[in-house]
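There are 2 protein chains.
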Amino acid sequence: MPESLDVVNFATKFALIDKHWSPGIVAEANDWQFKLVRVLGEFVWHDHEVDEVFVVMKGELTIELDGRADVRLRAGELFVVPRKVMHRPVADVGECELMLIEPRGVVNTGDAGGSLTAPEQWL
Amino acid sequence: MPESLDVVNFATKFALIDKHWSPGIVAEANDWQFKLVRVLGEFVWHDHEVDEVFVVMKGELTIELDGRADVRLRAGELFVVPRKVMHRPVADVGECELMLIEPRGVVNTGDAGGSLTAPEQWL
Chain A
1 MPESLDVVNF ATKFALIDKH WSPGIVAEAN DWQFKLVRVL GEFVWHDHEV DEVFVVMKGE
61 LTIELDGRAD VRLRAGELFV VPRKVMHRPV ADVGECELML IEPRGVVNTG DAGGSLTAPE
121 QWL
Chain B
1 MPESLDVVNF ATKFALIDKH WSPGIVAEAN DWQFKLVRVL GEFVWHDHEV DEVFVVMKGE
61 LTIELDGRAD VRLRAGELFV VPRKVMHRPV ADVGECELML IEPRGVVNTG DAGGSLTAPE
121 QWL
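If you read the sequences in order, they're chains A and B. By my numbering, the letter at position 5 of the first sequence is numbered 5, and the numbering carries on one by one without gaps. By my numbering, the letter at position 63 of the second sequence is numbered 63, and the numbering carries on one by one without gaps.
Just so you know, these hints were derived from the structure itself, not from any lab. All C-beta atoms in this analysis are idealised placements derived from N, C-alpha and C, irrespective of residue type, glycine included. Errors might be hidden in some of the hints.
Just the calculated beta-carbon pair ranges, DEER-fashion [claimed, not checked]:
(1) B/58 to A/86: 29 to 37 Å
(2) A/15 to B/70: 22 to 30 Å
(3) A/118 to B/105: 32 to 40 Å
(4) B/9 to A/9: 21 to 29 Å
These stretches of chain A come out as covered by chain B in the derived footprint (C-beta under 8 Å, 3 or more residues) [unchecked claim]:
(5) 35-46
(6) 75-82
Lysine to any residue pairs mimicking SDA-like chemistry, simulated, CA-CA at most 25 Å apart [stated by the list, open to error]:
(7) B/58 to A/24
(8) A/58 to B/95
(9) A/84 to B/7
(10) A/58 to B/76
(11) A/19 to A/113
(12) A/58 to B/12
(13) A/58 to B/14
(14) A/19 to B/28
(15) A/84 to B/31
(16) B/58 to A/28
(17) A/58 to B/85
(18) B/58 to A/11
(19) B/58 to A/123
(20) B/58 to A/16
(21) B/58 to A/19
(22) A/19 to A/75
(23) A/84 to B/58
(24) A/58 to B/84
(25) A/84 to B/6
(26) A/58 to B/58
(27) A/58 to B/25
(28) B/84 to A/103
(29) A/84 to B/28
(30) B/84 to A/16
Take these sequences, add in the hints, and give me the full structure.
So this is what it looks like as structure tokens:
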């Protein structure tokens with residue numbers, strides 16, 4: 001785990017990521033974790049017991065939401081997926097770089113499991 | 001307060017800000033607030049009972065820290081000011097655009113008070 005007084009440079013951290021859908025923690029504060037992830041294609045439908053914040057840093061992302069209209073996010077946009085709402089992120093126009101902000105310990109696939117479930121890891 | 005399912009576009013929100021050191025809330029999740037602020041010059045020394053996350057969106061910022069080396073942040077960088085650490089943000093090379101992420105209800109000047117203390121407000 002980095003020293004808490006380190007500056008996190010997003011570009012430097014993204015350059016360390018070589019796998020899609022595998023978030024890496026870059027900072028913690030007040031039991032929240034800040035994670036960077038590179039995504040491409042379709043993820044799995046899942047939900048969480050907590051709100052999950054998406055910030056698109058590069059590229060575009062669609063978030064499909066159960067019973068609601070899809071949300072389209074571009075670089076420089078933030079979206080809160082409310083707790084217990086089933087959702088599926090899809091990067092359908094090329095790779096997308098995201099920051100996720102959520103409480104410590106959230107699993108990327110929720111209870112859905114599957115091959116895209118990622119371990120908790122620091123970048 | 002905007003609908004929770006709104007997409008937040010940072011550029012659109014920053015364009016609404018006409019005053020320095022006056023954060024505007026753009027989203028809430030899990031009792032955390034996401035605030036945008038435009039800063040220029042020196043703020044006041046203060047601290048908080050909680051960790052405070054700074055993300056520089058545009059420009060540069062120095063964060064002076066009590067008893068530690070200054071931290072220099074550029075666009076695309078994140079820094080966590082630990083709880084109870086006295087600090088003073090300074091934008092000394094022109095205006096800087098920031099996102100602050102902190103628990104609901106944090107006052108920008110902590111207990112220091114003064115003319116730069118801002119009310120809780122949504123953008």
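Checked hints:
1. B/58 to A/86: 29 to 37 Å: 35 Å, holds
2. A/15 to B/70: 22 to 30 Å: 26 Å, holds
3. A/118 to B/105: 32 to 40 Å: Since the Cβ atoms of residue 118 of chain A and residue 105 of chain B sit about 33 Å apart, the hinted range of 32 to 40 Å holds.
4. B/9 to A/9: 21 to 29 Å: Since the Cβ atoms of residue 9 of chain B and residue 9 of chain A sit about 24 Å apart, the hinted range of 21 to 29 Å holds.
5. 35-46: Since 0 is below three, the answer is violated.
6. 75-82: holds (count 6)
7. B/58 to A/24: 24 Å, holds
8. A/58 to B/95: 24 Å, holds
9. A/84 to B/7: This hinted pair holds, its Cα atoms lying about 18 Å apart.
10. A/58 to B/76: With Cα atoms ~12 Å apart, residue 58 of chain A and residue 76 of chain B stay inside 25 Å; holds.
11. A/19 to A/113: 18 Å, holds
12. A/58 to B/12: Holds. Residue 58 of chain A to residue 12 of chain B sits at ~17 Å (cutoff 25 Å).
13. A/58 to B/14: 19 Å, holds
14. A/19 to B/28: 30 Å, violated
15. A/84 to B/31: Holds - the C-alpha atoms of residue 31 of chain B and residue 84 of chain A are around 16 Å apart, at most 25 Å.
16. B/58 to A/28: 22 Å, holds
17. A/58 to B/85: Since the Cα atoms of residue 58 of chain A and residue 85 of chain B sit roughly 33 Å apart, the hinted pair is violated (cutoff 25 Å).
18. B/58 to A/11: 15 Å, holds
19. B/58 to A/123: Holds, because 24 Å separates the two Cα atoms, which is no more than 25 Å.
20. B/58 to A/16: 23 Å, holds
21. B/58 to A/19: Given that 25 Å is the threshold and the Cα spacing comes to 28 Å, the pair is violated.
22. A/19 to A/75: Holds, at about 20 Å.
23. A/84 to B/58: Judged against 25 Å, a Cα distance of about 34 Å means the pair is violated.
24. A/58 to B/84: 34 Å, violated
25. A/84 to B/6: 17 Å, holds
26. A/58 to B/58: This hinted pair holds, its Cα atoms lying about 15 Å apart.
27. A/58 to B/25: Satisfied, since the Cα-Cα distance of roughly 23 Å is no more than 25 Å.
28. B/84 to A/103: 21 Å, holds
29. A/84 to B/28: 16 Å, holds
30. B/84 to A/16: Outside the cut-off at roughly 32 Å; violated.
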